[in-house]
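Trainee: Sequence:
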Amino acid sequence: MLEIYKTIQGRHSQFIEEILAKTWKRGKIHSTFFGQIFYIEGEHLLAVNFLTALQHIFSVHMCRSLESAIIKDDIGTRFLKLKDFTYGSWINIFNPTEQEIIRLSHYTNLSIEFIKSTLDEEERPRIDSENGYSLILIHIPVENSTKDPEIYKTIPLGILISEQNIITICLQDNSIIRNFIEGKVKTFYTFKKTRFLFQLLYKISIYYLQYLRNIDKISDKIEKELHKSLRNQELIELFGLEKTLVYFSTSLKGNEIVLGKILKFKFSHIKMYPDDTDLLEDVITETKQAIDMTKIYTNILRSTRDAYASMISNNLNVVMKFLAAITIILAIPTMISSFFGMNVVVPLPTHPHGFIIIIIGSLVLSIIGIIILWRKNML
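Residues 2 to 380, numbered by our numbering, are exactly what the sequence shown covers, in order.
Hints listed in this document are in silico derivations from the structure and should not be mistaken for laboratory results. Bear in mind that the values here come from a model prediction, so they are computed numbers and not experimental data. Be careful, since some hints might not be right.
As the list claims (entries may be wrong) - Think about it this way: if two alpha-carbon atoms lie no more than 30 Å apart in a straight line, the pair counts; the simulated DSSO-like pairs of lysine-lysine are: (1) Lys296 <-> Lys322; (2) Lys254 <-> Lys193; (3) Lys272 <-> Lys262; (4) Lys117 <-> Lys82; (5) Lys193 <-> Lys84.
All chains, please: the whole structure from these sequences, using the hints.
Mentor: What follows is the structure in structure tokens.
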């Protein structure tokens, strides 16, 4: 699916739309002077910066008929959902069709292979560029909707930045992107591309930490269940958590390398400001914390799984030893009855209490065997 969003922010946002709506219908701008657009409203002479107005002419007013909805309408700020590409917009694509990839390729002049590479699950986090676009490819954590034992997995998220737009490409819709669309992230503007990039990276690191804490809680719950009964299901769940942590560890290390490159080197279309640098450093700090937590939880889970696997093996040995002892005890009366069942002359064949004597003798020998095995800790 392909979605297009745009933030209009500033004290002229609504005013410009009203002016352009009127001037556009008349087919001309009233007058321009020194980069200003002048518009006479009653007895008042109003002025708007020409470049700002020009941007809104092509990016807002001309797409007014294609606008789907106003997602958020705050004082001085509007977050719009559009149906066409515009300057300063955010293009969000997830699980794209072939037609959507072709449409994006025509708009950006990027090759289809370059766009599809961002959707490869095996693609490593990296930084690349093509035709005026800078690509930041990172891995994000998402909930696993399949029946696999791992509850979370990581998938690639491609972030393309140019002078015109910022584009996010992902295999599936996810909570991280939805936080921005649903207005849960403060001071988020589509035209502040560098800040949007770092806000997105920061939100990704926060989700890693959140999911790691969830894994810790789930492992504690599984451990309590293992105290009650040692079943294969609990061990399978522990294995799934451990596998998830392996995915997290690999993805976080790749993300850390990408973040370090962004901080150390200058890339086109990623203009660094002091506040943005501080935010990026926070992202790197949170990512390192997530890496450390992943290592700790991995070691704990591995130790827990190994300990309970040893307990299951030990319990199996105890059961086998007990069954061997029972077999030995039951073999005593069986062996005695076999002797008296042979077709030869045996004692007590005509004694009136011969059967009872044989039974009592078998019981006595069995009791002696039980005592011996008990002293040997086999019972």
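Trainee: Work down the list of hints and note, for each, if the structure agrees.
Mentor: Now the hints, each set against the structure:
Taken as a hint, the Lys296 and Lys322 pair is broken in the structure, with Cα atoms around 39 Å apart against an allowance of 30 Å. Pair hint Lys254 plus Lys193 holds up; C-alpha atoms about 27 Å apart against a cutoff of 30 Å. The suggested pairing of Lys272 with Lys262 holds, with an alpha-carbon distance near 14 Å, which does not exceed 30 Å. Restraint check: the Cα-Cα separation between Lys117 and Lys82 comes to about 25 Å, which is no more than 30 Å; the hinted pair holds.
Taking the CA atoms of Lys193 and Lys84, the gap is about 21 Å. The hint holds against a cut of 30 Å.
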